[in-house]
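Undergrad: Each protein sequence line maps, in turn, to chains A and B.
Sequential numbering of the first sequence, starting at 1, is according to the UniProt record's numbering.
Sequential numbering of the second sequence, starting at 1, is according to the UniProt record's numbering.
Just so you know, these hints were derived from the structure itself, not from any lab.
For clarity, every value in this text was computed on a predicted model and none was experimentally measured.
Accuracy of the hints is not assured; some may be wrong.
Each pair may be met inside one copy or between any two copies, as identical chains are not told apart.
[Stated by the list, open to error] Straight-line distance between alpha carbons at most 25 Å, and here's what the computed SDA-like set of lysine to any residue pairs gives:
{"no.": "1", "residue 1": "Lys20", "residue 2": "Arg210"}
{"no.": "2", "residue 1": "Lys225", "residue 2": "Ile79"}
{"no.": "3", "residue 1": "Lys225", "residue 2": "Met149"}
{"no.": "4", "residue 1": "Lys26", "residue 2": "Asn77"}
{"no.": "5", "residue 1": "Lys192", "residue 2": "Glu167"}
{"no.": "6", "residue 1": "Lys20", "residue 2": "Asp84"}
{"no.": "7", "residue 1": "Lys26", "residue 2": "Gln227"}
{"no.": "8", "residue 1": "Lys141", "residue 2": "Thr70"}
{"no.": "9", "residue 1": "Lys246", "residue 2": "Gly111"}
{"no.": "10", "residue 1": "Lys275", "residue 2": "Gly334"}
{"no.": "11", "residue 1": "Lys225", "residue 2": "Asp84"}
{"no.": "12", "residue 1": "Lys225", "residue 2": "Gly111"}
{"no.": "13", "residue 1": "Lys141", "residue 2": "Asp84"}
{"no.": "14", "residue 1": "Lys26", "residue 2": "Pro342"}
{"no.": "15", "residue 1": "Lys26", "residue 2": "Phe146"}
{"no.": "16", "residue 1": "Lys141", "residue 2": "Ser67"}
There are 2 protein chains.
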Amino acid sequence: MSEIIVSTPVHNRLEQLFLKHNLSKKTVVLFDENTKELFGRDILTALKNQGFTFVELVVPARETSKSFRTAYRLYGNLIEADVDRSWNLLAVGGGVVGDLGGYIAASYYRGIPIVQLPTTLLAMTDSSIGGKVAINHPLGKNLIGFFHMPELVLIDPSYLKSLPEREVYAGMAEVVKYGFIADMEFLRYIEKHFDDIVAIKDPYVSEAVRKSASIKADIVEQDFKEQSGLRATLNFGHTFAHGFEKLADYRHIRHGEAVAVGMICALHLSRKLEKISQDELQRGLAILSKFKFRRGLVQKRFKDIPAETILESMLSDKKKVDKQLRYVLLEGLGKAYLHPEPLDDGIVIEAIEKAKKCC
Amino acid sequence: MSEIIVSTPVHNRLEQLFLKHNLSKKTVVLFDENTKELFGRDILTALKNQGFTFVELVVPARETSKSFRTAYRLYGNLIEADVDRSWNLLAVGGGVVGDLGGYIAASYYRGIPIVQLPTTLLAMTDSSIGGKVAINHPLGKNLIGFFHMPELVLIDPSYLKSLPEREVYAGMAEVVKYGFIADMEFLRYIEKHFDDIVAIKDPYVSEAVRKSASIKADIVEQDFKEQSGLRATLNFGHTFAHGFEKLADYRHIRHGEAVAVGMICALHLSRKLEKISQDELQRGLAILSKFKFRRGLVQKRFKDIPAETILESMLSDKKKVDKQLRYVLLEGLGKAYLHPEPLDDGIVIEAIEKAKKCC
Ligand SMILES: NC(=O)c1ccc[n+]([C@@H]2O[C@H](COP(=O)([O-])OP(=O)(O)OC[C@H]3O[C@@H](n4cnc5c(N)ncnc54)[C@H](O)[C@@H]3O)[C@@H](O)[C@H]2O)c1
Ligand SMILES: NC(=O)c1ccc[n+]([C@@H]2O[C@H](COP(=O)([O-])OP(=O)(O)OC[C@H]3O[C@@H](n4cnc5c(N)ncnc54)[C@H](O)[C@@H]3O)[C@@H](O)[C@H]2O)c1
Ligand SMILES: [Zn+2]
Ligand SMILES: [Zn+2]
Chain A
1 MSEIIVSTPV
11 HNRLEQLFLK
21 HNLSKKTVVL
31 FDENTKELFG
41 RDILTALKNQ
51 GFTFVELVVP
61 ARETSKSFRT
71 AYRLYGNLIE
81 ADVDRSWNLL
91 AVGGGVVGDL
101 GGYIAASYYR
111 GIPIVQLPTT
121 LLAMTDSSIG
131 GKVAINHPLG
141 KNLIGFFHMP
151 ELVLIDPSYL
161 KSLPEREVYA
171 GMAEVVKYGF
181 IADMEFLRYI
191 EKHFDDIVAI
201 KDPYVSEAVR
211 KSASIKADIV
221 EQDFKEQSGL
231 RATLNFGHTF
241 AHGFEKLADY
251 RHIRHGEAVA
261 VGMICALHLS
271 RKLEKISQDE
281 LQRGLAILSK
291 FKFRRGLVQK
301 RFKDIPAETI
311 LESMLSDKKK
321 VDKQLRYVLL
331 EGLGKAYLHP
341 EPLDDGIVIE
351 AIEKAKKCC
Chain B
1 MSEIIVSTPV
11 HNRLEQLFLK
21 HNLSKKTVVL
31 FDENTKELFG
41 RDILTALKNQ
51 GFTFVELVVP
61 ARETSKSFRT
71 AYRLYGNLIE
81 ADVDRSWNLL
91 AVGGGVVGDL
101 GGYIAASYYR
111 GIPIVQLPTT
121 LLAMTDSSIG
131 GKVAINHPLG
141 KNLIGFFHMP
151 ELVLIDPSYL
161 KSLPEREVYA
171 GMAEVVKYGF
181 IADMEFLRYI
191 EKHFDDIVAI
201 KDPYVSEAVR
211 KSASIKADIV
221 EQDFKEQSGL
231 RATLNFGHTF
241 AHGFEKLADY
251 RHIRHGEAVA
261 VGMICALHLS
271 RKLEKISQDE
281 LQRGLAILSK
291 FKFRRGLVQK
301 RFKDIPAETI
311 LESMLSDKKK
321 VDKQLRYVLL
331 EGLGKAYLHP
341 EPLDDGIVIE
351 AIEKAKKCC
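Using the sequences and the hints given, assemble the complete structure.
TA: Laid out in structure tokens, this is it:
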């Protein structure tokens, strides 16, 4: 499994860490336009000072960069720059850069090593960890991809200082998710320090990032190939979220925003099946009520859509097995499980209705 | 590792073999236009009779089908046909279909199982085995790809009856290669039954296919990730071959034709370094002299190109490490090794000159 380093400033340690992991000092650095602007100078200067040979690639800062067209262009750049299998790739950015970089690294010359240097809260706590990499197809998100484990994940929480508030909250949804699915003590920490974390104050944000990353890494390590159902618990709230996202055509709504609303539904569903108590439900909802965007766009949209429409959209999602949806539920705060049987549409619709009311 | 089945007619056993390997009976069948025409009816009827659900895909029968454009179209077809991760893919064809099918299977939904049903001599003995899959980039052949082991390789030598003679000889070059690199007894068998094998007569052709496939599978199993140098011996003759192929822009010349000429060079080089005796050289050259195409296009082309130009083209090949070429040589017939040091250009050029004279 990959080593995860949380350190500030992490770019000063690139040479040391690459050597330790037997990575060559020839690296392709992939940025998006924003991360190039924000961190390009620091990172490229560090690489230069530490004796690296590097090639720099920059893609537009948007989801559509996770495309064949972009991959194709980048392959061409790499071939022209004489990059061969003795190189590796360093992805500096959010989930878009991480997923695209991972896709390229997995497939160039049948695979070169990748080092992830995530710069969004979502990427630090989720997308950079676990080796899932993908690009999109016009007919479906993340459909084309692989498992390609990063050799190293380099996390510098100070990079979050420039992150727009909306992106912070989007990432925070995944942080809260880790508390819900795996760690009551961490959930308590989040309850207590929510405001400091979203304000990117230390030690709170570093602690939250470190803990989230380690929960995800543990789960992935135990169930890398998604066989036992454990890795599936990472999808808590996500079955609902994918339904909304699809309805919104993946625009105007951040993944984390959809996940926060999805977790409200999943909490209600867990309660309906009497897997959590009324108190646990209330406590879970209270945490999710701190998500500012709930007062905004997502919430309004969500309220406007009939529960049946949402369920229909969920059914067209790819995580179904033979047209049956599987749900991740809580059996108490801090403990998720993959519900073994499919559920009746009726009970799911009721949970969505409840969620709409309490939003 | 994959199980390799040699059986006639193999399509009667699809259900039994899929079940044995825990493969679902939902399969995407990939053909090229020729294999569809030749074997489509038998195979699809067999699938129907054996209770499979299937989706059929057909690509043009040419190297350019190993492209992004084709992959992109096929992904779209699969998504539209509601193919999900519970399916698998059955590739029916030569190396083009096998490589493209493997590429699609490796990347669709982060990987679905692939079953190879090779229909050319080259595919039965080489490309369908070992899990290397790839598509081409305009700037380089096979540059974009992965390791994706087939669950099963289903070989029916009777499928070779319709194979054009030129394709038979192209595949035969790899068959002879296995004798040279790994098995003196097999080399003797080939010497004795060469004409029967290329005439697709049994038991000779089945025996040659079975033996070749098993030599390749053994080597791959022992050195899957190309670390020990053993898998590299499969490239005997190939460093030279890639040089010619590149000069011909990969057109008008079959890979196997280039490999046959490449092995003549490699034999001379082995002799120059005194790794084989004069007798062994002559015996090796005698086998290669049976390749009909040597009297044709490839030989003429080869004779016309200065040795220096060939070497230059070889140096631009991807198998170089830091611009140094590594050579696979024989130390006796039936035993190849990866020469540990780079060689002087002079000695390589002399070997090419000798090969040109004896062609
Ligand atoms: N591979 C996985 O396991 C996994 C998991 C979850 C999500 N994802 C993928 O991740 C993607 C979303 O990732 P994301 O939310 O990080 O989005 P993103 O990569 O688009 O980043 C969001 C925005 O923040 C900018 N940015 C990045 N770092 C910054 C910083 N430090 N300061 C200021 N701005 C910064 C980016 O340029 C971009 O405009 C989606 O494509 C999703 O499919 C993958
Ligand atoms: N993955 C690997 O390890 C590996 C190894 C070697 C070569 N390759 C790749 O394999 C490809 C070449 O494979 P190939 O030589 O099989 O070529 P191919 O797939 O193009 O097949 C050659 C021709 O024979 C036709 N054909 C196939 N089966 C037939 C049959 N039974 N009867 C009549 N016609 C038939 C095809 O339609 C095609 O026109 C190249 O792209 C090469 O890069 C891959
Ligand atoms: Zn998520
Ligand atoms: Zn070959």
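Undergrad: Taking the hints in turn, state whether each one holds.
TA: Each hint, compared with the structure:
no. : hint            : verdict
1   : Lys20 - Arg210  : within (21 Å within a copy, 44 Å between copies)
2   : Lys225 - Ile79  : between (32 Å within a copy, 22 Å between copies)
3   : Lys225 - Met149 : both (12 Å within a copy, 16 Å between copies)
4   : Lys26 - Asn77   : within (15 Å within a copy, 39 Å between copies)
5   : Lys192 - Glu167 : within (21 Å within a copy, 71 Å between copies)
6   : Lys20 - Asp84   : within (21 Å within a copy, 40 Å between copies)
7   : Lys26 - Gln227  : between (36 Å within a copy, 20 Å between copies)
8   : Lys141 - Thr70  : both (15 Å within a copy, 19 Å between copies)
9   : Lys246 - Gly111 : between (31 Å within a copy, 23 Å between copies)
10  : Lys275 - Gly334 : within (12 Å within a copy, 67 Å between copies)
11  : Lys225 - Asp84  : between (29 Å within a copy, 16 Å between copies)
12  : Lys225 - Gly111 : both (19 Å within a copy, 11 Å between copies)
13  : Lys141 - Asp84  : between (29 Å within a copy, 13 Å between copies)
14  : Lys26 - Pro342  : between (49 Å within a copy, 22 Å between copies)
15  : Lys26 - Phe146  : both (23 Å within a copy, 21 Å between copies)
16  : Lys141 - Ser67  : both (10 Å within a copy, 21 Å between copies)
The structure fails none of the hints (numbered hints given earlier).
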